[in-house]
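Chemist: Go ahead and model the full structure; you've got the sequences and the hints to work with.
Sequences listed follow chains S, L and Y, in order.
Numbering-wise, the first sequence is residues 4 to 183 according to the numbering used here.
Numbering-wise, the second sequence is residues 39 to 478 according to the numbering used here.
Numbering-wise, the third sequence is residues -13 to 224 according to the numbering used here.
One or more hints might be untrue.
In silico EDC-like pairs for lysine to aspartate or glutamate, Cα to Cα no more than 16 Å straight-line [as the list claims (entries may be wrong)]: (1) Lys131(L) - Glu72(Y); (2) Lys93(Y) - Asp172(S); (3) Lys168(S) - Asp126(Y); (4) Lys93(Y) - Asp137(S).
Quick look at which bits of chain S chain Y covers, simulated, 3 or more residues with Cβ under 8 Å [what the hints assert, rightly or not]: (5) 63 to 70; (6) 145 to 151.
Just so you know, the hints here were simulated from the structure itself, not pulled from any lab data.
Idealized CB from N, CA, C, for every residue including glycine.
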Amino acid sequence: MSEGHEPEKAEAKDELKAGPFGQFLEEHGIPSRRLPDSCGVETIELDGKHLEAAMKRLRNSHEIALNFLVSVAGVDSPETYDSVYHLWSYSNLNELVVKVRVPKASVPEDRLPLVPSLAPFWPAANWHERETYDLVGIRYVGHPYLRRILNPWDWEGHPLRRDYKQLVDALNDKNQFSMR
Amino acid sequence: MNSAVFEVSKFARLAVTWVCIIFGAVWLACWLVGVFIPALITQAAASSTAGQYWAEICRALVPLVAVAVFIPINAMFMVLAERRALALFTVRKGPNRVGPDGLLQTAADAVKLLFKEDITPRGADALMFTLAPIIFFAPSIIAVIPLLAAVSGNHPLFGIANIPTGIFYVLAVSSIPVVGIVMGSWASNNKYSLVGGLRSAAQAISYEIPLVLAIVTVCLMAGTLDVVQIADMQKGPFWNWFLFGNGALAHVKDGPVAAVAAILLLLCCLLLFLIYITGACAEVNRIPFDLPEAESELVSGYNTEYSGIKFAIFFLAEFTNLFVVCTIAAVMFLGGGHSPFGSHVETGFINWLGAQLQSLPGSAQVLSPAWLVNSLVDPSTLSQAIWIILKVYTLVVFAILVRATLPRFRIDQLMDFGWKRLIPLALILLVAVTFLRELL
Amino acid sequence: MSETDAKIPSGASESVPVSIPEELKDTVTLTTLDKAIELLSSAVDPVANWARSNSVWPLTFGTSCCAIEMMCVGMSAFDISRFGSEVFRATPRQADLIITAGTITRKMAPALVTLYEQLPEPKYVIAMGACTVTGGMFNDSYSVVQGVDRLIPVDVYLPGCPPRPEGILDALLKLQQKIRTESLAERRKRAYRQRAVRYVDYDTGRPVEDLVAEARMETAEALAEATGYALDHQVRKV
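Modeler: This is the structure:
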């Protein structure tokens, strides 16, 4: 659950200095934590409860203007479930990666990790969030119509999870042991 | 360049071969039923009234026989010609493997459709589903019968089928197929079919008005509804056709007012012809107007659920309808079976040939070889037939060319074009032609 | 459960000479028409086969990149119309052939089966491209059907990723050869096997037979739990 989780201040030694976007958010009173750059793009980690406010600030402010949501993706990391947002600004031609990480330990058995949805105020996120829900199994709280988009309606499991057991039946039985 | 010429010549060869087959068959069948068998009957039972009676019945059957022989072969030819012509326009070869040079391609298609499983979908109204193709097909048979008299120069064998209000009858009958489409689409129990059928109904209602207005204007100029008389009014050189104002250009010398009126009348008539062709294309669902079977939107429109022989009938009827509207255009605007040159050389040759045939030894004696040749070869009808074939198939090829060129309309564009452009234009032309005729 | 299972096969198998698959027993009725067709077959076959082989109308069906090659084969350079097959029909009712051009996923599988069933007899299938022959490079994927022959019977396999348009023409010619060797009676007999497709559930993307077996298992378990009897051996095996 993202509710009780704070960015870990304990690793203060490895703490990177906040980049321009991190500073911008800091100015507006939104705490964030910088992660190592991904391919030279500033990457910050946000807490789930700050996500909506931060995204609105980044999108609406005139000087930052990160008003293009490139994608919403999901990653099943060893320790956490990540919901990854790529933002792009056509006026400044720069880029930002935002991650919301939900530790696996905080997710109860038979439940999905919860992340607040962007879809109510950013329609571009609608299908991306559905796809992430479908394949990685992150439940976006507040999404208007969160159902599977690529797989059939009643599909069992989320195929890009580490613990996914591939279905073996008459349609797909050549590889009893998946190569993954 | 050479290969293009080669391909065109191959297409021409195919067309000529098929047209010879079609009209040879029709000619022979008509001669058999209308001349040869009655002659045999009268020969056998010379004096009895029963013999005369049967001979008359035989003669009366000729228009029906002509249509029955003509329609299937002609539709087969037109499908093949369309495929080959489309191939020609898109620099392909076209069907050329079946029979000599692909001549039998459509025969193979027809036989295959005959042997295919015939499906009536679950939930369909079986009776209506079966009746729909028949109702779609039947009008194209009955519509052409009065036209037969016009295209054969009121030949005695076809003259009985002529009626004084011919064109009125033809137009009335040729608007029936829409009923077949709507029936079939409703009976299929399929949403795409239904949408296709309703579109077809809307389209037919919208485009029948400009089409009929164009024809009405021609009738107004001619002063008659009789197709034979209308065709005869256009005798002589091609500027006597209704396409060129029925001899309006002859009045150019009559003074400035008459000259202007004549030229305006000519323009009006050209526009009328274009309106007629547009409306006819929409009426038979040809490609710029083929919304009822728009493949990208509705699966296959009204015939989505039809398979096998029923679909073959739909296919047949579509092409026959195209032929019928082209024939109407040829009779109303292009002078029917009359030669576009109206030259004395041609009529002289026809008369000479007729006289030669008449003077063959023994031609007066019924059933002698000379009589057979004489009755089989009828020079004036032959010339009429050749001209009408040329005119109608030119229009058909034009329709195929339009199909290869234009994309499909959207439904709102179609309605806009019909109601806001064509109908007002047709009405204006009707009034204009009325006044311009007075000024000549 | 096991008793009713045992009853079904013993019912109708004695009276009919043609072997009918289990799942079609209640839908198939054999009539005297079959006898007539068998008698006429030798006379009608040459004509019917000539017509069928020369006008194979494909269905407009393309699910991925192979479809581009399939479109290409209708264009000027390759021109499938020479063999009378350029008439791509949009509705399965008027088509004879499905060229399965592209990957078939579990979600597409029920649609493909429906389309195949909607084709009127005689119907043919060309499995075009590696994906529809074996699953291709998506062989290991969780969502891809490993070859359309797991869903519908296939007449010609055309490997390649994607195959060249010439390959499609070759497959079409092979199919024409195959059609020319058929006989109506044989086709009629084989029709039952031809129709034996594997149904796939729209909602779960799993074969319906598996779902039925599962439901049976659950019912049996619930029954055993409620009545206290042990599970039947046969049912457990399913």
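Chemist: Just to be careful, I want the Cα atoms of lysine 168(S) and aspartate 126(Y) compared with a cutoff of 16 Å; is the pair within it?
Modeler: Cα-Cα ~13 Å, so holds.
Chemist: When you check the alpha-carbon spacing of lysine 131(L) and glutamate 72(Y), does it fall within 16 Å?
Modeler: holds (11 Å)
Chemist: With a cut-off of 8 Å between beta carbons, are at least three residues of the stretch 145 to 151 of chain S near chain Y?
Modeler: violated (count 0)
Chemist: Assess, step by step, whether the Cα of lysine 93(Y) is no farther than 16 Å from the Cα of aspartate 137(S), and give holds or violated.
Modeler: Roughly 14 Å separates the two Cα atoms, so the pair holds.
Chemist: Tell me if the straight-line CA distance from lysine 93(Y) to aspartate 172(S) falls inside 16 Å.
Modeler: At roughly 15 Å apart (the allowed maximum being 16 Å), aspartate 172(S) and lysine 93(Y) satisfy the hint.
Chemist: Check, residue by residue, whether the stretch 63 to 70 of chain S contains three or more positions whose beta-carbon lies closer than 8 Å to a beta-carbon of chain Y, and give the verdict.
Modeler: Violated - the stretch 63 to 70 of chain S has 0 residues with a Cβ nearer than 8 Å to chain Y, which falls short of three.
Going down the numbered hints, you'll see the structure goes against 5, 6, while the others check out.
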